[in-house]
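Protein chains in written order, with the working numbering: chain F, 800 to 922; chain Y, 341 to 463.
Because the hints were derived from the structure by calculation, they are not lab data. C-beta atoms are modelled at their ideal positions from N, C-alpha and C, and glycine is treated no differently. Don't take each hint at face value.
What the hints assert, rightly or not - Incomplete in silico selection of chain Y near chain F, CB under 7 Å:
1) 398
2) 406
3) 422
Claimed, not checked - Straight-line alpha carbon distances no greater than 27 Å define the calculated DSS-like cross-link-like pairs of lysine-lysine that follow:
4) 384/Y to 879/F
5) 830/F to 418/Y
6) 879/F to 376/Y
7) 384/Y to 373/Y
8) 373/Y to 390/Y
9) 829/F to 418/Y
10) 411/Y to 833/F
11) 373/Y to 833/F
12) 879/F to 373/Y
13) 390/Y to 829/F
14) 833/F to 414/Y
15) 387/Y to 373/Y
16) 829/F to 414/Y
17) 387/Y to 879/F
18) 390/Y to 879/F
19) 387/Y to 830/F
20) 376/Y to 387/Y
21) 830/F to 879/F
22) 390/Y to 873/F
23) 833/F to 418/Y
24) 411/Y to 829/F
25) 373/Y to 829/F
26) 390/Y to 376/Y
27) 387/Y to 873/F
Now for the letters of each chain:
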Amino acid sequence: MRQAGAYSGLLCGGVSGRTGPHSLPLARIKKIMKNSGEGVKMISGEAPIIFSKACDLFIEELTRRSWIMAIQGKRRTLHKEDLASAVIATDIFDFLITLVSNSDSHAVGGATNVMEVETIDYS
Amino acid sequence: MMDNVGGSSSNIAENSGIIREQDRLLPIANVGKIMKQILPPNAKISKESKETMQECVSEFISFVTSEASEKCRKERRKTVNGDDICWALGSLGFDDYAEPLRRYLQRYREQELDRANNPPKRG
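Work out the full structure, taking the sequences as your base and the hints as a guide.
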């Protein structure tokens with residue numbers, strides 16, 4: 800009989816379920832992908848799974864860099880200003896600068912700002 | 341603007357094309373958990389910073405998906421797959437993510453193959 804592999808938990812709950820210990824819901828990731836532009840036609844089953852892991856790495860990196868900002872401010876509580884500072888200080892997070900500068904917009908009660916995503920060519 | 345808290349308005353929202361707030365973001369509990377596990381035990385995380393992180397993650401997904409989708413368009417392919425996501429991450433400066441994710445994708449595919457070759461006996 801086949802023994803459960805080290806990664807067999809990867810697919811618990813199926814493609815629309817959760818994967819792994821710090822899982823993010825795949826169906827929601829897929830929905831966000833679909834809403835990222837008219838150019839997105841079809842999404843393979845593996846893409847949200849890869850994104851689930853990519854988002855883990857992204858959240859971890861931005862949190863770590865934000866924490867450095869909080870510590871520099873001699874605080875033990877992470878504030879949204881720490882995220883904004885980390886975004887401003889980190890090149891690969893350039894695409895978030897407008898977002899963190901206007902992160903109160905959804906609280907004002909107005910329509911959600913739909914930002915145009917610019918493709919940045921670093922080469 | 342209509343308050344979309346709760347699921348009862350899902351049909352209306354979906355029919356009219358409104359992107360519900362809860363569909364635009366990953367769940368705050370999942371995001372908060374990942375943030376918490378990367379910080380020291382005595383760190384605190386404000387609700388505002390979790391909300392800002394939710395916004396940042398959705399923007400990250402859209403940003404990378406748009407880049408991947410553009411590559412598919414140029415290559416006249418309709419489906420965004422895991423390789424496209426990994427390529428887009430590298431293209432956008434997230435080189436540190438692309439390599440571990442390629443390995444993750446490889447393990448996922450190997451596991452899919454294994455499942456295909458060894459169907460469950462009770463299935």
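How the hints compare with the structure:
1. Among the interface hints, the one on residue 398/Y holds; its C-beta lies about 5 Å from the nearest C-beta in chain F, closer than the 7 Å criterion.
2. Checking residue 406/Y against chain F: minimum C-beta separation of about 5 Å stays under 7 Å; hint holds.
3. Restraint check, residue 422/Y versus chain F: the minimum CB separation of about 4 Å is within 7 Å; hint holds.
4. The hinted pair formed by residue 384/Y and residue 879/F meets the criterion: a straight-line CA distance of about 12 Å does not exceed 27 Å.
5. With a C-alpha separation of about 17 Å, the suggested pairing of residue 830/F with residue 418/Y holds against the 27 Å cut-off.
6. Proximity of residue 879/F to residue 376/Y is assessed by CA-CA distance (about 15 Å); at most 27 Å being required, the pair is judged to hold.
7. For the proposed pair residue 384/Y and residue 373/Y, the alpha carbon gap of about 12 Å is at most 27 Å, so the pair holds.
8. Taking the CA atoms of residue 373/Y and residue 390/Y, the gap is near 10 Å; set against the 27 Å cutoff, the hint holds.
9. Between the alpha carbons of residue 829/F and residue 418/Y the distance comes to roughly 15 Å, so the proposed pair stays at or under 27 Å and holds.
10. As the CA atoms of residue 411/Y and residue 833/F are separated by approximately 16 Å, the hinted pair is consistent with the 27 Å bound.
11. Simply put, residue 373/Y and residue 833/F have alpha-carbon atoms about 25 Å apart, close enough for the 27 Å limit, and the pair holds.
12. This hinted pair checks out: residue 879/F and residue 373/Y have alpha carbons roughly 16 Å apart, not beyond 27 Å.
13. This hinted pair checks out: residue 390/Y and residue 829/F have alpha carbons roughly 21 Å apart, not beyond 27 Å.
14. With a C-alpha separation of about 18 Å, the suggested pair residue 833/F and residue 414/Y falls inside the 27 Å cut-off, and the hint holds.
15. With a C-alpha separation of about 12 Å, the suggested pairing of residue 387/Y with residue 373/Y holds against the 27 Å cut-off.
16. For the given pair, residue 829/F sits about 22 Å from residue 414/Y by alpha-carbon distance, which is consistent with the 27 Å threshold.
17. Restraint check for residue 387/Y and residue 879/F: satisfied, since their Cα atoms lie roughly 9 Å apart, inside the 27 Å limit.
18. Note on residue 390/Y and residue 879/F: the hinted pairing holds, with a Cα-Cα distance of about 8 Å set against a maximum of 27 Å.
19. Between the alpha carbons of residue 387/Y and residue 830/F the distance comes to roughly 24 Å, so the proposed pair stays at or under 27 Å and holds.
20. Note on residue 376/Y and residue 387/Y: the hinted pairing holds, with a Cα-Cα distance of about 12 Å set against a maximum of 27 Å.
21. A threshold of 27 Å between alpha carbons decides the hint, and for residue 830/F with residue 879/F the separation of about 25 Å falls inside it, so the pair holds.
22. A C-alpha spacing of about 20 Å is found between residue 390/Y and residue 873/F, which places the hinted pair at or below 27 Å, so the restraint holds.
23. Between residue 833/F and residue 418/Y, the direct Cα distance comes to roughly 13 Å. Compliance with the 27 Å bound is thereby established for this hinted pair.
24. For a cut-off of 27 Å, the pair hint linking residue 411/Y to residue 829/F stands: about 18 Å separates their Cα positions.
25. At most 27 Å may separate the alpha-carbon atoms for a hinted pair to count; residue 373/Y and residue 829/F meet this at roughly 21 Å.
26. Under the criterion of a C-alpha separation no larger than 27 Å, the hint pairing residue 390/Y with residue 376/Y is consistent with the structure, at around 10 Å.
27. Pair hint residue 387/Y plus residue 873/F holds up; C-alpha atoms about 19 Å apart against a cutoff of 27 Å.
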